[in-house]
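If you want the building blocks of each chain, they are given just below.
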Amino acid sequence: MWKYVLKRLLLLIPVMLGTILVVFFIMDQSDVDPAKVMLGDAATEETIAQLHEELGLDDPFLVRYARYVLNLIKGDMGTSYNYHTPVANQIAARLPNTILLAGTAVLLTIIVGIPIGVLAAKKQYSFFDNISMVFCLFGAASPAFWIGLILVLVFSLKLPILPASGMGKGFINCLLSLILPAITLSLHGTATAARTTRSSMLDTIRQDYIDTARAKGTSEKVITRKHMLRNALIPVITAVGLNFGVLLGGSVLTETVFAWPGIGRYVIESIKTQDIPSVLGCVVTLSVMFTIVNVLVDILYAFVDPRIKAQYKRAGRK
Amino acid sequence: MSFLSIDNLKVDYVTDDGIVHALNGVSLELVQGETLGLVGETGAGKTTMAKCIMGILPKRTGKIRSGEITFEEKNLLKCSEKELQSIRGAQIAMIFQDPMTSLNPVLTVGEQIAEAVENHERCGKARAMERAEEMLELVGIPAERVHEYPHQFSGGMKQRVVIAIALACNPKMLIADEPTTALDVTIQAQVLEMMQSLKRQLNTSMLLITHDLGVVAQNCDRVAVIYAGEIVEYGTVMDVFKRMKHPYTQGLFSSIPQINADVKRLNSIPGLMLDPTLDVEGCRFCDRCKYATEECRINHPELVEIESGHSVRCFQKK
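Chains as they are written, first to last, in numbering that gives the first Met the number 0: chain A, 0 to 317; chain B, 0 to 317.
For the record, the hints were derived by calculation from the structure and aren't laboratory data. Here the structure is a predicted model, which is why all the values come from computation and not from measurement. Any given hint might turn out to be false.
[Said to hold, decoys possible] No farther apart than 30 Å at their CA atoms in a straight line, the calculated lysine-lysine pairs in the DSSO-like style are these:
| no. | chain 1 | residue 1 | chain 2 | residue 2 |
| --- | --- | --- | --- | --- |
| 1 | A | K220 | A | K122 |
| 2 | A | K121 | B | K9 |
| 3 | A | K225 | B | K62 |
| 4 | A | K225 | B | K58 |
| 5 | A | K73 | A | K6 |
| 6 | A | K220 | B | K77 |
| 7 | A | K220 | B | K58 |
| 8 | A | K122 | B | K263 |
| 9 | B | K81 | A | K121 |
| 10 | A | K220 | B | K81 |
| 11 | B | K171 | A | K122 |
| 12 | A | K225 | B | K81 |
| 13 | B | K263 | A | K121 |
| 14 | A | K225 | B | K77 |
| 15 | A | K220 | B | K171 |
| 16 | A | K220 | B | K62 |
So that you can see chain B by itself, here it is in the shape it has in the complex:
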């Protein structure tokens, strides 16, 4: 049974320069205990989706036009601010992209972890602080550093602190928004390994947002490829990595440099992502697609299941 499901989610940002269509009818399901990878380029709507689930879209500009986010049979979009507060951190937690800016510079790391505990568990300050120390140990930071400030930690350690905050209340679901993008490769591997083992220990489901296909291959059970605010391909890692069908997914994979080939330039997908302020009739990828036909320009393709559990949004790949 699905544990978190997103149904036809449409989100716009209303800005002075026009309405940006960030998500255009996204539907996704996450199975309990599994990791779902969400892959897409910058501006495809990955972070918007994460913020939507958390209910922390910018209030003034972010507008949810339609859709449902069901988490354990509760529609999160209909919850009151109070209900959401009790879900955030306790049931669904989030790890943010940039560890350098995700921690409050004027509070100690201990205070920041303990805050998550105090928000959800009825325990005193002292108990919350003890829990913060435990969490630090869990992510591999000595407990005596609990009274230090973020500026005294390196980037990798800050990301561990961010992870400790997210996991402090044993959430059922974890949204990791490019948790390793800001880290260098060796630290990336450490952090990912740690997240995987914590996930196993605590039996957490995870939505892993990234644009690193290698990270997806190693960590995820299923993958959703998002392009211009739409899921264009969805399936297990095997489906998507071995039998990719959507031209965009194929483009992504052909852009990965081969270690044994001597190439001067990397392969790239021609063109740029669609201007998100435009309303488009046809397929959102057709301008960059070498298989595009007249049909692609006029009609909008639906996400169609082509084999069990593997769906593609493309007319040419039925």
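Only chain A is shown next, with the shape it has when bound in the complex:
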């Protein structure tokens, strides 16, 4: 099986090259002249031409692409036009914050969404089921920036118990400042996870092997945990995994609303100031993370479902 995992990881290389090519091409199509951005108002025709020469901006597209990829392998993402420091350092400083936020949101999704889904399915058509499905509809339908603003209004302005924005220093403060953005970010995923868990559980509840388990005299609790949940979890892992990938890049809105010093906010900032190397660096980082999360989710399947593990083993041998 580890052969298969290695194969999947190696496949990341062409995927990344392709992603970078697309992003690089799109950025190239903008009519922003990096030299002008860097030099600002003081630029003259001469200095601009000189900088073009220095940075190799007049080289053919593929040459610049190859140069970018080679530098990337060395860990060099270029220099931010804005901060005049390496983009890699900027990203390294922000990425942990984004991962902390996205990770907390996914954790919330798992510990809230899955139990809601399980309970709703076990008590299908009950009051709890109806209420939680309405909550899910609401959660899936409301945009993050709106939820964020409402939460700030209620918990920071009316009841000033939680900070409205920024990231607190120290463990406790950091945790407090994490609550609102994490809830905002997790709401959509929680709703999706609950719905997926519910429908998947309902499907599993009707399976014959549940009757087999009952006929052995297994208690209902054990049946739910051992027989139903493990089988119902596969589509849920897909939903949560995809969601985690989206959260890593899609926290742009939430990070902006809560002024969270993460990579999402950095992208927006860079786009506004036409800081091309930063935008490129961020997009590349996020897409790497997204693909890695996908591979991890695929590997996780194997631990839940032995049939998939067997498939992976076969695929590894080929």
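Given chain A, put chain B in place with the hints provided.
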């Protein structure tokens, strides 16, 4: 003395399309150490009866309207869920219809057999696993396959595993719900032979549900023929096979192709089984019966003993 007796059992399924009368006053007795065959076509209520005895009717839709199921002087329908859990698997075990779907795909066969042991015997995990290995050997599967998953077994072997689960705690009674329907003929013979020899070894009583009359002839002591949720004929295998009285039983036997006759079409009983959502005054079979008279349409026949131990539900065959 009867060991399991079912008295006037009525079961309905409440669905969106109406109330389905699955069992309409079934009474049956099973003598210790004997095998009772329950024969009937699809939808006649065979599986419903089995699930009723096990107490695993679907909770939301399945409603027991009246009746008693007495097992060793205990009314199973009045038992609490806890009591039932201690009876299921230990005293009464069940083999399910379709081996392909009766095993949990994410647990090893060993875990699934051991679970039955752990539920009823106070022994550690290791001891339960040893017992699982013994059971596998008993049903003719090498013990070293105990850590394999259901997808690694063939259909016949899966059915053996299902049987191993059912017999793991030496139950006094075994309900086999079409244990060979999903298997091909050679495997059917093997599985039935194995069940018979295990039954002798462990002195188990058995309720064998099937629509294969050949299986009944070979394996059963007594037969009950069920039609539209009612027992229409009951007696020893000799009674029912040699001196069948009910027109439905006669129809069943005349549908069996003769090996020495050259026939283009099989004989069949004209018409379809009664819509189970209807309430009927008269005999439930009269629409398809060539002997039906006015009396059959108006009055409902009772199950009447016509000779010692042989009962028939028909006005015309007194």
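Unmet hints by their number, sorted upward, for this structure | The structure breaks hints 8, 11, 13; every other hint is satisfied.
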